[in-house]
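Protein chains in written order, with this note's numbering: chain P, 1 to 232; chain V, 1 to 271; chain G, 1 to 119.
Rather than coming from a laboratory, the hints here were simulated on the basis of the structure. For each residue, glycine too, the CB sits at the ideal point set by N, CA and C. Misleading hints may appear alongside valid ones.
Said to hold, decoys possible - Only pairs whose alpha carbons sit at most 25 Å apart, straight line, appear in this in silico DSS-like list of lysine-lysine: (1) G/8 with P/220; (2) V/265 with P/60; (3) P/209 with G/7; (4) P/209 with G/115; (5) V/265 with P/126; (6) V/72 with V/4; (7) G/111 with G/7; (8) P/31 with G/7; (9) G/92 with G/82; (10) G/18 with P/31; (11) G/18 with P/231; (12) G/92 with P/231; (13) V/7 with P/124; (14) P/60 with P/220; (15) G/7 with G/29; (16) G/82 with P/220; (17) P/96 with V/7; (18) P/220 with G/92; (19) P/96 with V/141; (20) P/60 with P/31; (21) G/92 with P/31; (22) V/4 with P/96; (23) P/124 with V/265; (24) P/31 with P/209; (25) G/8 with G/53; (26) P/31 with G/82; (27) G/53 with P/209; (28) G/18 with P/220; (29) P/220 with G/7; (30) P/209 with V/141; (31) P/126 with V/72.
What the hints assert, rightly or not - Here are some chain P residues the structure puts well away from chain G; computed CB gaps all over 12 Å: (32) 31; (33) 39; (34) 40; (35) 59; (36) 62; (37) 108; (38) 118; (39) 122; (40) 172.
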Amino acid sequence: MSELLRCEHLTKNYGGVIALNSIDLTVESGKIIGLLGPNGSGKTTLIKIINGLLTPTSGKVFINGNEPGVLTKTQVAYLPDNSYLNNWMTAGQIIKMFSDFYADFRPQLALEMLERLGISPEAKLKNLSKGNKEKVCLILVMSRNALLYVLDEPIAGVDPATRDYVISTIINNYNPEASVIISTHLIADIEQVLDEVIFINQGRVALHKTVDEIREENGKSVDELFREVFKW
Amino acid sequence: MVRKLLKHETLAFGRSMLPMWVILLGMSVFARIVQFFESDSTVYDIVRGSAFTVFGISVAVCLVMTVVVCIKRFYVNMFTGEGYLTMTLPVTAEQHIFSKLLISVAGFVASIIVVLVALCITSLGEVLVEVFKAIGYLFDKMYQQIGFHSVVFIIEFIIILLVLAAYQMLLFYGCISVGQLARKNRVLAAFGAYFALYVIEQILGTIMVIFVSLQMNWLTSLFEKLELYAIKHPYVVAHGGIWIGIGLYVVIGAVFFFVSRYIIKNRLNLE
Amino acid sequence: MQWELDKKRPICPQIEEKLSVMIASGEFKPNERLFSVREVAVRAGVNPNTVQKAFTQLEGKGLIYSVRGSGWFVNENCDTAKTTVDELIRLKTEQFFEEMNALGYSDDDIKQIVKEWNE
Chain P
1 MSELLRCEHL TKNYGGVIAL NSIDLTVESG KIIGLLGPNG SGKTTLIKII NGLLTPTSGK
61 VFINGNEPGV LTKTQVAYLP DNSYLNNWMT AGQIIKMFSD FYADFRPQLA LEMLERLGIS
121 PEAKLKNLSK GNKEKVCLIL VMSRNALLYV LDEPIAGVDP ATRDYVISTI INNYNPEASV
181 IISTHLIADI EQVLDEVIFI NQGRVALHKT VDEIREENGK SVDELFREVF KW
Chain V
1 MVRKLLKHET LAFGRSMLPM WVILLGMSVF ARIVQFFESD STVYDIVRGS AFTVFGISVA
61 VCLVMTVVVC IKRFYVNMFT GEGYLTMTLP VTAEQHIFSK LLISVAGFVA SIIVVLVALC
121 ITSLGEVLVE VFKAIGYLFD KMYQQIGFHS VVFIIEFIII LLVLAAYQML LFYGCISVGQ
181 LARKNRVLAA FGAYFALYVI EQILGTIMVI FVSLQMNWLT SLFEKLELYA IKHPYVVAHG
241 GIWIGIGLYV VIGAVFFFVS RYIIKNRLNL E
Chain G
1 MQWELDKKRP ICPQIEEKLS VMIASGEFKP NERLFSVREV AVRAGVNPNT VQKAFTQLEG
61 KGLIYSVRGS GWFVNENCDT AKTTVDELIR LKTEQFFEEM NALGYSDDDI KQIVKEWNE
């Protein structure tokens, strides 16, 4: 178990609005971690900094010892919270594109998962249902053999069947050397899968514990604790 | 990696431009066909006239569209929703800019070739033969008078066109990237950057004019010396002038390249 | 997600209990191959690391053994499984009594209710 992600005094300021306030955080390999917090708490900001899409105002973030850059992008698999793929492309074309650019991408695995869902590689993304589109996005990410998977709100706004699919796809493709960070505000749906949780609120880490610690110390589910911590 | 980027860039660019090229060529064929028939009917005259008008408009639209697609490819692919994928590919900023620049220039050349081919189609037949004859005659004359320098001038002309196209793209890239530094209204900020550059350029130009018109002694004597030299070695001055111009655009273009690279690499803030 | 788990208790012991019950009830025979870690994780919808931990705990208790490269198998001696199940039954009974007490029933009331319910 080695250190995979480290944030040092990570701060992000959007012209006066503090999205992240001097976050210190360490994540080890071999864990599934829930990044939990209400909307606007800074989850997506943190995730975008990890992926090099945002530049921190101050502080640093290291992925496997390196700051976000070309090297870390070969090691981090990222599922954004919005649809980011070209709608005119077919699922097969996108799979080809991913195998072109990511050395760790396993196109065979992606095609198998598509087939199991009954989605044709010739299907254009714009012709897929919302649920299927989200599944394709997840398949692309989980078909990489990455060190760190960062999934931003993978179960927000999906129906229960899709949610179950998302969770079992994550479990099925989980590799014990990697870590998975899942951001969500829907904790009850996902807490059984988690090793650790990071509660984030108003740009600060409110709590970072293993799930078993929470259950043993408080005799509560993570969801119940979350509701107590974030009372409004 | 650059090769793969170029492949995907070409696909995306071709997807946007190919229909326009096909339409343009189709229009040129139509404009040629209507010339085959003679008729006294005014309706036919109108059709024939408007075929050329529409063809002319298509040429303009094609050229404008090329520029728009070049700019859009950069902006949309890097700085909007698509940027979430583009910017998480294991590719450096310079590779991104370089591949987009190369495909933009190539796309521009392709558009010009398509326009030239379309023009040839509209005048297919005796007219075209005459045009080519005239061009050949002009070149012959030029070659007789200035020898191999005519070839060099043509090559230099083509290089200038390519460098200017690349410079123009890099200018757009630079402005779009600078616009990204703004917190809100980033497209507006890009236009602002473009306008600011224009103003700076005008001011520099004015300063130059004032500078020259001051008629300082050393400057006047420098011009006189240059004139004398130009009379003795006209080609050295002509080629030299062209290459100084090319060099200037390359240098300023490189500045825009590095500005864009710096912003994408160190100041990226995707919304 | 076929296995229902109690979210208020740590997951690992619950997985242990589930598997113990399956072994004790004979659903898995001695020397039979057990689910893989991933299978259990997907069925229960839980973290594979937790399942791995539960398997290791069960191995420590002597219920199962692992064969390199082919997975987990049920041990010959299933007494330990029965002990684990006994413990579970005691725990469940305790919980039941606690809950009923909370509703205001005395232990005698509960015995009466169980008797009536049985008939």
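Among the hints numbered above, which are violated by the structure, and what are their numbers in rising order? 4, 5, 7, 11, 12, 14, 15, 16, 19, 21, 23, 26, 30, 32, 40
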